[in-house]
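With chain E's structure known, arrange chain V on it following the hints.
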Amino acid sequence: EAGVTQFPSHSVIEKGQTVTLRCDPISGHDNLYWYRRVMGKEIKFLLHFVKESKQDESGMPNNRFLAERTGGTYSTLKVQPAELEDSGVYFCASSQAGDGGQFFGPGTRLTVL
Amino acid sequence: GDSVTQMEGPVTLSEEAFLTINCTYTATGYPSLFWYVQYPGEGLQLLLKATKADDKGSNKGFEATYRKETTSFHLEKGSVQVSDSAVYFCALSPNDYKLSFGAGTTVTVRA
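Residue numbers (our numbering), protein chains in the order written: chain E, 635 to 747; chain V, 16 to 126.
It is possible that part of the hints are untrue.
Taking lysine to any residue pairs in the SDA-like style, the calculated list, with each CA pair at most 25 Å apart, reads [what the hints assert, rightly or not]:
| # | chain 1 | residue 1 | chain 2 | residue 2 |
| --- | --- | --- | --- | --- |
| 1 | V | 67 | E | 673 |
| 2 | E | 678 | V | 18 |
| 3 | E | 675 | V | 112 |
| 4 | E | 675 | V | 34 |
| 5 | E | 675 | V | 18 |
| 6 | E | 685 | V | 109 |
| 7 | V | 75 | E | 730 |
| 8 | E | 675 | V | 30 |
| 9 | E | 678 | V | 94 |
| 10 | V | 75 | E | 740 |
| 11 | E | 688 | V | 17 |
| 12 | E | 678 | V | 118 |
| 13 | V | 67 | V | 110 |
| 14 | E | 675 | V | 58 |
| 15 | E | 688 | V | 44 |
| 16 | E | 678 | V | 87 |
| 17 | E | 678 | V | 55 |
| 18 | E | 675 | V | 25 |
Calculated Cβ distances over 10 Å to all of chain E for the following chain V residues [claimed, not checked]:
| # | residue |
| --- | --- |
| 19 | 27 |
| 20 | 33 |
| 21 | 40 |
| 22 | 58 |
| 23 | 60 |
| 24 | 86 |
No lab work stands behind these hints, which were simulated from the structure alone. Even for Gly, the Cβ is constructed at its ideal location relative to N, Cα and C.
Same shape as in the complex, but just chain E (with noise of 0.2 Å):
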């Protein structure tokens, strides 16, 4: 069984600009989340899918993040215009109960520069 998987893994772009993230979770698990973990510090919580609702969306840092899962399967996390301060590692993890449980994928390295 495939584990979830993100795309790209990394992406370097200038300040300004706009990157598309992209999360496959595993396949039948109705949640999934987003995560970040800003110039290593403590991986942060930025919101919550079940299937293709927003069921908790309190940890997206401003309006320039938007992130969607259409049909409930794969999401997207979109920055637009992306800042100095968005450069992290954004995780992506899926679950299919809520027993805290979470599958998380290898990440996506941002760079703004």
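For chain V alone, coordinates are given in the frame of chain E:
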């Protein structure tokens, strides 16, 4: 809000040494507690969890006990191996969905 504090690393040990990574938390209510591990080049993996006070989670020789009175969830392993070299994250969840993580502790085990 909810938060997790774990001991800062890095931690360097010799094989067969005893490992302890301290973790304390602040939360309202009774969260579930987790340890995740990230091996080099891989994503985070759930190592163990505990959902209520006095529960002990265990996996791969690692153990942690949910201590409500001290709001702690320290990770221990009696005899580490080189393959245990990784970054360890303590985490909590108030609702079994959203996770709040500690800063992570890098552990290096030398042969």
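- Given hint residue 112/V paired with residue 675/E - CA-CA distance at most 25 Å: Measuring from Cα to Cα gives roughly 21 Å; hence the hint holds.
- Does the structure keep residue 678/E and residue 55/V at a Cα separation of 25 Å or less? With a Cα-Cα distance of about 20 Å, the restraint between residue 678/E and residue 55/V holds, given a limit of 25 Å.
- Restraint check for residue 75/V with residue 730/E, where alpha carbons must lie at most 25 Å apart: 23 Å, holds
- Item | Given hint residue 118/V paired with residue 678/E - CA-CA distance at most 25 Å | The given pair, whose Cα atoms are some 10 Å apart, holds under the 25 Å limit.
- Query: Is the Cβ of residue 86/V farther than 10 Å from every Cβ of chain E?
  - Reply: 17 Å, holds
- Keeping to a limit of 25 Å between CA atoms, is the pair of residue 678/E and residue 94/V held or broken? Distance of about 31 Å is beyond 25 Å: violated.
- Is it true that the CA of residue 675/E sits at most 25 Å from the CA of residue 58/V? Satisfied, since the Cα-Cα distance of roughly 16 Å is no more than 25 Å.
- Item | Proposed proximity, residue 17/V with residue 688/E (alpha carbon, max 25 Å) | The hint holds at about 21 Å.
- Message: Holds or violated: residue 675/E and residue 25/V, Cα atoms, limit 25 Å.
- Response: Cα-Cα ~14 Å, so holds.
- Task: Over 10 Å to the closest beta carbon of chain E is the bar; see if residue 33/V clears it.
- Result: 26 Å, holds
- Within 25 Å, alpha carbon to alpha carbon, are residue 675/E and residue 34/V? 23 Å, holds
- Message: Holds or violated: residue 678/E and residue 87/V, Cα atoms, limit 25 Å.
- Response: Within the cut-off at roughly 20 Å; holds.
Against the hints set out earlier in the document, violations occur for numbers 1, 8, 9, 22 and 23.
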